[in-house]
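**Q** Chains A and B, in that order, are what the protein sequence lines are.
Converting from the first sequence to my numbering requires adding 1 to each position, the first position being numbered 1.
Converting from the second sequence to my numbering requires adding 1 to each position, the first position being numbered 1.
Calculated from the structure, these hints are not laboratory results.
Honestly, I wouldn't trust all of these hints.
Calculated pairs, DSS-like style, for lysine-lysine (alpha carbon to alpha carbon, straight line, at most 27 Å) [claimed, not checked]:
#: 1; chain 1: A; residue 1: Lys106; chain 2: B; residue 2: Lys272
#: 2; chain 1: B; residue 1: Lys28; chain 2: B; residue 2: Lys39
#: 3; chain 1: A; residue 1: Lys106; chain 2: B; residue 2: Lys32
#: 4; chain 1: B; residue 1: Lys39; chain 2: B; residue 2: Lys9
#: 5; chain 1: B; residue 1: Lys23; chain 2: A; residue 2: Lys106
#: 6; chain 1: A; residue 1: Lys106; chain 2: B; residue 2: Lys28
#: 7; chain 1: B; residue 1: Lys272; chain 2: B; residue 2: Lys39
#: 8; chain 1: B; residue 1: Lys23; chain 2: B; residue 2: Lys9
#: 9; chain 1: B; residue 1: Lys9; chain 2: B; residue 2: Lys32
#: 10; chain 1: B; residue 1: Lys39; chain 2: B; residue 2: Lys24
#: 11; chain 1: A; residue 1: Lys106; chain 2: B; residue 2: Lys221
#: 12; chain 1: B; residue 1: Lys221; chain 2: B; residue 2: Lys32
Label-pair ranges, simulated between beta-carbon atoms [said to hold, decoys possible]:
#: 13; chain 1: A; residue 1: Val102; chain 2: B; residue 2: Pro323; range: 34 to 40 Å
#: 14; chain 1: A; residue 1: Pro22; chain 2: B; residue 2: Lys32; range: 34 to 40 Å
#: 15; chain 1: B; residue 1: Pro301; chain 2: A; residue 2: Gly41; range: 55 to 61 Å
#: 16; chain 1: B; residue 1: Gly277; chain 2: A; residue 2: Leu109; range: 35 to 41 Å
#: 17; chain 1: A; residue 1: Lys106; chain 2: B; residue 2: Gly270; range: 19 to 25 Å
C-beta: ideal position from N, C-alpha, C; glycine also.
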Amino acid sequence: MNMPIAPSTSSTPATPATDAPAEVVESQAFTVDALARACGVAPEWVRTRVEAGVFFGHGDAGSWHFDSVTLVRARRILHLETVFESDPQLAALTTDLIEEVARLKRQLRAFGVTVP
Amino acid sequence: MEFKDYYKTLDVTRAASSEDIKKAYRKGARKYHPDVSKAADAHARMAELNEANEVLSDPEKRAAYDTLSEQPHARDGQDFRPPPHWDAGFEFSDAGGASGEYSDFFEELFGRAARAQRAPGPGRPFDDLGEGPDVARPGSDHHARIELDILDAYTGAERLIAVRSARIDEQGHVVNQERNLQVRIPSGVFEGQHIRLAGRGSPGYGGAPDGDLLLEVLFKPDPRWRAEGRDVIQRVPLSPWEAMLGAAVTVETPGGRAEVSVPPGWKAGRKLRLKGRGIPGSGRSAAGDLYIELELTLPPADSNEGRAAYEALGAAFPAFQPRPSLGT
Chain A
2 MNMPIAPSTS STPATPATDA PAEVVESQAF TVDALARACG VAPEWVRTRV EAGVFFGHGD
62 AGSWHFDSVT LVRARRILHL ETVFESDPQL AALTTDLIEE VARLKRQLRA FGVTVP
Chain B
2 MEFKDYYKTL DVTRAASSED IKKAYRKGAR KYHPDVSKAA DAHARMAELN EANEVLSDPE
62 KRAAYDTLSE QPHARDGQDF RPPPHWDAGF EFSDAGGASG EYSDFFEELF GRAARAQRAP
122 GPGRPFDDLG EGPDVARPGS DHHARIELDI LDAYTGAERL IAVRSARIDE QGHVVNQERN
182 LQVRIPSGVF EGQHIRLAGR GSPGYGGAPD GDLLLEVLFK PDPRWRAEGR DVIQRVPLSP
242 WEAMLGAAVT VETPGGRAEV SVPPGWKAGR KLRLKGRGIP GSGRSAAGDL YIELELTLPP
302 ADSNEGRAAY EALGAAFPAF QPRPSLGT
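Bound-form chain A, shown alone (with noise of 0.2 Å):
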């Protein structure tokens, strides 16, 4: 899940702004470690996931490097496999599918279409 950016109600009144460093994220910046990490998950779940065909690494086996892209996924994935307890191509199927109405959306933008 996503933290909120928007302003939410607090139990303190908010802090001052504080200047925070912002690092771009190269592509394929995560290796298996950083991306278990960034999905709160151990190793073992990204590695069984890409040997799986659920996602896909770039490079060798066992020593795979992951983009932004596939970060999205994977944490997608992740919450679909939790919530509902599903299967790991269950939850790539419909991650798959929530995939396609996306780009599908991009397109029906491009030309003029207003999509909800």
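For chain A, the structure is supplied; the task is to place chain B on it using the hints.
**A** Coordinates of chain B only, in the frame set by chain A:
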């Protein structure tokens, strides 16, 4: 803090079986799934469902919660303080904490913070409580989305974002705190990419580093242009004479004004590429290209001169077949 009626959140009775709770949670999770739901508060509702499920699907937490629910003022939304030692006799592991995804009610009763409250010495980070003081564990990463204009990707931008986190104050109470972060977004970012704010996730413990905050970049829809990776696509309308005879057209692109030479001869679907005029490169990645999608736009025949011009055009091409494939 406000009392939370978790049964109401999941829309089940107090007599609901664990299977009923599981079904109700999944039903709600499907309804408020962030990729599907169009409800403005889908994110918050999903967080409420997760919280209710976390308590009611755990037999020990549920039993403790049921006992607590019998207290006076234990009504949804009412101000509530648990009695001392309310959880005596129940054993449940800590959950959640520090992500800002849980209510004060949950954090106070079931969160990692709850155990920190009972432990000696406030101020102790609660990401790893229960594992002993010698265990080092890095803080978990947090995730959020940040919406930018495509123009921001050309120029860089600054955004003020608010993130929530839970901590324990000097009196040992759980406090959900909102922090404002001023984030400088460098140029060259594209949709789907992540921006890392190092050390802005959950606190680490035992000398291990804090987690990071990862911001997924999204672009606001813009009728003028759209992006695919670092490539940007812009539609440019042409008049019939520009399309057929060729023209030098001035175009306002995301990177500034550009003179585009349109070759003579119209072809539907034709694109012109302006190399390197897409989203700027960053690091070792090259800049994207700007693709101009040419569109034909016709002037209206809403005057005598206009109608005469179209009639003259028709007369000039008596053999022209606009629908050859249809044979009409």
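**Q** So if I understand the rule, the pair passes when the alpha-carbon distance is 27 Å or less; does lysine 272 (chain B) with lysine 39 (chain B) pass?
**A** 35 Å, violated
**Q** Assuming the hint says 55 to 61 Å, is it satisfied by the Cβ distance from proline 301 (chain B) to glycine 41 (chain A) or not?
**A** For proline 301 (chain B) and glycine 41 (chain A) the Cβ distance comes to about 59 Å; the hint holds.
**Q** Starting from the range 35 to 41 Å, see whether the pair glycine 277 (chain B) and leucine 109 (chain A) falls in it by beta-carbon distance.
**A** Violated, since glycine 277 (chain B) and leucine 109 (chain A) (Cβ atoms, about 29 Å apart) do not stay within the stated range.
**Q** Determine whether the Cβ-Cβ distance between lysine 106 (chain A) and glycine 270 (chain B) falls within the hinted range of 19 to 25 Å.
**A** 21 Å, holds
**Q** Can the restraint linking lysine 106 (chain A) and lysine 32 (chain B) be considered satisfied, given a maximum Cα separation of 27 Å?
**A** 20 Å, holds
**Q** Starting from lysine 23 (chain B), check that the Cα of lysine 106 (chain A) is at most 27 Å away, please.
**A** 32 Å, violated
**Q** CA of lysine 23 (chain B) to CA of lysine 9 (chain B), is that 27 Å or under?
**A** Roughly 14 Å between the alpha carbons, so the hint for lysine 23 (chain B) and lysine 9 (chain B) holds.
**Q** Evaluate the given range 34 to 40 Å for the C-beta pair formed by valine 102 (chain A) and proline 323 (chain B).
**A** At 36 Å between Cβs, range holds.
**Q** Does the alpha-carbon distance linking lysine 106 (chain A) and lysine 272 (chain B) stay inside the 27 Å limit?
**A** Holds. Lysine 106 (chain A) to lysine 272 (chain B) sits at ~22 Å (cutoff 27 Å).
**Q** Mind checking the alpha carbons of lysine 106 (chain A) and lysine 28 (chain B) for me, to see if they're no more than 27 Å apart?
**A** Holds, at about 25 Å.
**Q** Does the hinted range 34 to 40 Å hold for proline 22 (chain A) and lysine 32 (chain B) at CB?
**A** Holds: the Cβ-Cβ distance is about 39 Å, inside 34 to 40 Å.
**Q** For the pair supplied as a hint, lysine 221 (chain B) and lysine 32 (chain B), confirm whether the alpha-carbon distance does not exceed 27 Å.
**A** 25 Å, holds
The earlier numbered hints that this structure contradicts are 5, 7, 16.
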